[in-house]
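Here the working numbering is used: the first residue of the sequence shown is 28, the next is one more, and so on.
Please note that a few of the clues may not be correct.
Stated by the list, open to error - Distance windows between CB atoms, simulated:
| no. | residue 1 | residue 2 | range |
| --- | --- | --- | --- |
| 1 | Lys132 | Lys205 | 18 to 28 angstroms |
| 2 | Gly155 | Lys205 | 39 to 49 angstroms |
| 3 | Lys156 | Tyr264 | 38 to 48 angstroms |
| 4 | Lys207 | Trp101 | 35 to 45 angstroms |
| 5 | Thr224 | Ala131 | 26 to 36 angstroms |
| 6 | Lys115 | Thr224 | 33 to 43 angstroms |
| 7 | Gly155 | Glu247 | 37 to 47 angstroms |
Everything labelled a hint here was simulated from the structure, so no lab data went into it.
C-beta: ideal position from N, C-alpha, C; glycine also.
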Amino acid sequence: MLAIIRGAGDLATGVIHRLYKCGFKILVLEIDKPSSIRRTVSFSECIYNLNGEQVVEGVKARKIETLEEIKKCWLNKEIPIAIDSYGKWIEKLKPNIVVDAIIAKKNLGTTIMMAPITIGLGPGFIAGKDVGIVIETMRGHNLGRIIKVGEAEKNTGNPGDIGGFTTERVIYAKVSGKFKSLKKIGDIVKKDETIGTINNEVVSASIDGLLRGIIRDDYEVKKGLKIADIDPRLNQYNNCFTISDKARALGGSVVEAIFSEIVEKGEKDGFKYFGENF
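Hey, can you work out the whole structure from these sequences and the hints?
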């Protein structure tokens, strides 16, 4: 079964990684300039890397352009990633599954007609209208809940609590311009320490902690864009380089949603609904 995933940031990577481990054939679609800050655990980094590769927890993704390259990735047990913000590859390949994991807090063009199974992560989608299934992305009791009627909780704008910090741990660009990084992921930083600049304006650490994520050097940021994430727990260094609990939870929910749809559709229409080779 072919699953096309839109987005390859850190949360989408958790979904992609879990689907890969479950044996799905995967194609990932990204924009030409991804803005992921948890770059060490985002397959989107293959867009920038000189070798066109990104490895996350032993799984390799590769930037591709052609169908032949996609097939080669599948043969080599790699995940192909194409620059395609409009979903042209969805029209070409007609996948069994489309998952919108962009986490844009709004729908950027995914429709329920794109595949037999369509899934949207987070707010911006209405189950049964925009997509078949919505997955709750808000941290808390309902994280990962599968929604077949209605929509996810509205975006509050408040990051989840980590070590007692919410909004304080996330840094947003105060101006637009080119970001110059002075720190790297995994560095320990102190509150008010300079971690970078935007057009020579200083970007300072908001709290003491581990720099869990920071936007790549030379990225042209817009005012208000999330550019860094600090984990106040100094003993969590390895977390900077592994898929998060939230990303894993969302990945598990997507797998459950897919198989629940297979069972339901299969009972109603027969498994040929998903292709003769299922």
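Taking the hints in turn, this is what the structure says about them:
1. Lys132 with Lys205: 18 to 28 angstroms: holds, 25 angstroms
2. Gly155 with Lys205: 39 to 49 angstroms: holds, 43 angstroms
3. Lys156 with Tyr264: 38 to 48 angstroms: Holds - the Cβ-Cβ distance for Lys156 and Tyr264, about 43 angstroms, lies within 38 to 48 angstroms.
4. Lys207 with Trp101: 35 to 45 angstroms: holds, 39 angstroms
5. Thr224 with Ala131: 26 to 36 angstroms: The hinted range 26 to 36 angstroms holds for Thr224 and Ala131, with Cβ atoms some 27 angstroms apart.
6. Lys115 with Thr224: 33 to 43 angstroms: holds, 37 angstroms
7. Gly155 with Glu247: 37 to 47 angstroms: holds, 38 angstroms
When the structure is compared with the earlier hints, no violation turns up for any of them.
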